[in-house]
Structure formats: structure tokens, C-alpha cells
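Undergrad: Sequence:
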Amino acid sequence: MTVTPMLIINPGVIHAGRGIAAILIGMLLLAPTAAFTAEKAEKDTLTLVLENDLFYNSDRNYTNGVRVSWLSAKDKTPEWVLRMADKFPLFPVDRAVRASYAVGQNIYTPEDITLRDPPLDDRPYGGWLYGSVGLIAETGQRLDQLELTVGVVGPASLAEQTQKRVHSFVNADEPRGWDTQLKNEPGFILAYSRSWRSLAAESLLGIPFDLTPHAGVTLGNIFTYANAGLMLR
Numbered sequence: 001m002t003v004t005p006m007l008i009i010n011p012g013v014i015h016a017g018r019g020i021a022a023i024l025i026g027m028l029l030l031a032p033t034a035a036f037t038a039e040k041a042e043k044d045t046l047t048l049v050l051e052n053d054l055f056y057n058s059d060r061n062y063t064n065g066v067r068v069s070w071l072s073a074k075d076k077t078p079e080w081v082l083r084m085a086d087k088f089p090l091f092p093v094d095r096a097v098r099a100s101y102a103v104g105q106n107i108y109t110p111e112d113i114t115l116r117d118p119p120l121d122d123r124p125y126g127g128w129l130y131g132s133v134g135l136i137a138e139t140g141q142r143l144d145q146l147e148l149t150v151g152v153v154g155p156a157s158l159a160e161q162t163q164k165r166v167h168s169f170v171n172a173d174e175p176r177g178w179d180t181q182l183k184n185e186p187g188f189i190l191a192y193s194r195s196w197r198s199l200a201a202e203s204l205l206g207i208p209f210d211l212t213p214h215a216g217v218t219l220g221n222i223f224t225y226a227n228a229g230l231m232l233r
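With the first letter of the sequence shown counted as 1, position 8 gets the number 8 in our numbering; the numbers rise by one all the way through.
These aren't lab readings, by the way, just hints derived from the structure by calculation.
A quick note: this is a predicted structure, and the numbers were derived from the prediction, not measured.
Accuracy of the hints is not assured; some may be wrong.
[Stated by the list, open to error] Taking CB as the label site, the calculated pair distances span:
#1 I207 <-> L158: 39 to 49 angstroms
#2 G229 <-> P92: 17 to 27 angstroms
#3 P186 <-> M84: 16 to 26 angstroms
#4 A96 <-> T180: 44 to 54 angstroms
#5 Q161 <-> L115: 28 to 38 angstroms
#6 S168 <-> K87: 26 to 36 angstroms
#7 V166 <-> D44: 24 to 34 angstroms
#8 P92 <-> N171: 20 to 30 angstroms
#9 D75 <-> D210: 24 to 34 angstroms
#10 Q141 <-> E174: 26 to 36 angstroms
#11 P89 <-> L199: 21 to 31 angstroms
#12 R83 <-> L115: 51 to 61 angstroms
[To be verified] Straight-line Cα separation of at most 27 angstroms, BS3-like style, residue types lysine-lysine; simulated pairs:
#13 K43 <-> K74
#14 K43 <-> K76
#15 K87 <-> K74
#16 K76 <-> K87
#17 K43 <-> K87
#18 K183 <-> K164
We treat Cβ as the ideally placed atom computed from N, Cα and C, and that holds for glycine.
Sequences and hints are given; from them, build the entire structure.
TA: Written out as C-alpha cells, the structure is:
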């Protein structure tokens with residue numbers, strides 16, 4: 001078995017407001033990456049995505065994300081995945097099918113982590129620990145992805161332990177308000193997305209680039225939303 005490793009590091013993360021918006025942004029950052037990985041990979045692919053605002057010397061809202069994912073090669077897709085793909089009406093008939101598996105953790109904090117009792121109007125402490133399994137169908141013109149994610153919000157996400165250990169290792173401020181974090185709650189997410197091949201492939205100042213459109217819908221008790229956009233690469 002041949003494995004192609006990939007490491008993707010985002011040194012800073014987008015800061016969002018209170019509530020589920022921070023979780024939403026964290027997941028959206030990963031969506032184009034997953035599509036790009038599937039499009040380029042011909043072998044089994046192991047991908048590690050790291051997102052942290054350490055380089056901005058800031059801890060607020062979506063502060064850290066880690067995701068490890070495995071994408072099967074086109075010719076090594078399990079039979080149960082192929083059978084499920086046959087039953088999903090939005091997948092094209094003539095396609096190559098792959099399986100994807102992932103585990104990850106997201107961490108969210110208020111603006112001032114030195115306070116034991118953060119303001120009620122600030123982003124609460126919280127974590128999201130999850131696992132995902134997905135189906136990916138690829139043709140010459142588009143890439144479709146169906147993914148089921150299950151996980152937990154709250155102390156069981158181990159976000160408190162993770163952040164405290166990392167901050168101790170890098171000699172950063174100790175987060176003091178984790179006693180106020182969100183309570184344990186199971187969560188599930190069912191997501192479907194579609195990415196098309198490049199709309200345009202051009203060159204600017206000798207640098208090649210292309211535009212890849214994508215759209216999707218997500219349902220679950222963690223969040224529900226629809227999205228669409230363009231990825232410039």
C-alpha cells in the first residue's frame with residue numbers, strides 16, 4: 001500500500017462572534033481543502049490540517065483546529081462504500097468512488113482567557129471532538145462528497161486539557177475560565193457538497209491560477225446551513 005502524506009497548516013484563524021458562527025467558520029475552512037485533496041490524490045492519502053492563532057498572539061473565538069483524514073485510492077474503495085454510492089441519487093452514474101475517514105478537534109474561547117468568569121455576552125468556552133466517514137464521487141467535470149460526522153460538545157471533547165497543555169508547552173497565558181464551558185452534548189452533522197472543475201485557468205504576472213466553484217448543504221443539531229463560493233488557487 002502506498003500512502004501520500006499531506007500537511008496543511010493555517011497559522012491564523014478567522015475570528016467570529018459569539019455562538020455557533022465560530023464552529024461554522026472552522027468547518028468551512030476545511031471544506032475546500034477536502035475537495036482539493038480528493039481531486040489531486042491518486043493514491044491513499046493521509047492529510048493533517050492544523051489551524052491555530054498562535055502567530056497572532058491571540059486566543060478568542062475559534063482558536064485551534066486539528067483534523068486528521070484518510071482518503072482511499074480510486075482502486076481500493078471498500079465494497080460497502082460502492083454499494084452506498086449506488087443508492088445515493090445525487091452521485092453521477094459514471095464516476096470513481098472513494099471513502100474518507102477523519103477525526104478532529106476544534107477549540108473555542110472568549111476574548112480574554114485570563115478571566116475565570118468571562119462576560120456573558122462573550123463567546124463561551126467550548127470544544128468539538130468528532131469523527132467522520134464520507135463518500136466521494138469524482139468525474140471529469142465535478143466532485144461530489146457526502147459526509148456523516150458524529151461527535152460531542154463540552155468537557156468530553158477534551159478541549160480544556162488540549163489547550164492547557166499546549167499553552168504550558170509554549171509558555172502562553174493559562175486559560176482560566178474552562179469551568180464555565182458548554183455542557184456535554186452529542187452532535188451529528190450530515191453534509192453534502194459539490195465542487196466543479198475550474199471555470200477559468202489564467203495567468204497573472206506569470207503566476208498561474210484557476211477558479212473552482214463549490215456549493216453544499218449541511219444538516220444537524222450542531223448547525224444547519226447552505227454555502228456556495230469560489231476557491232482561488
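Undergrad: Are any of the numbered hints broken by this structure? If so, which, sorted upward?
TA: 5, 6, 8, 10
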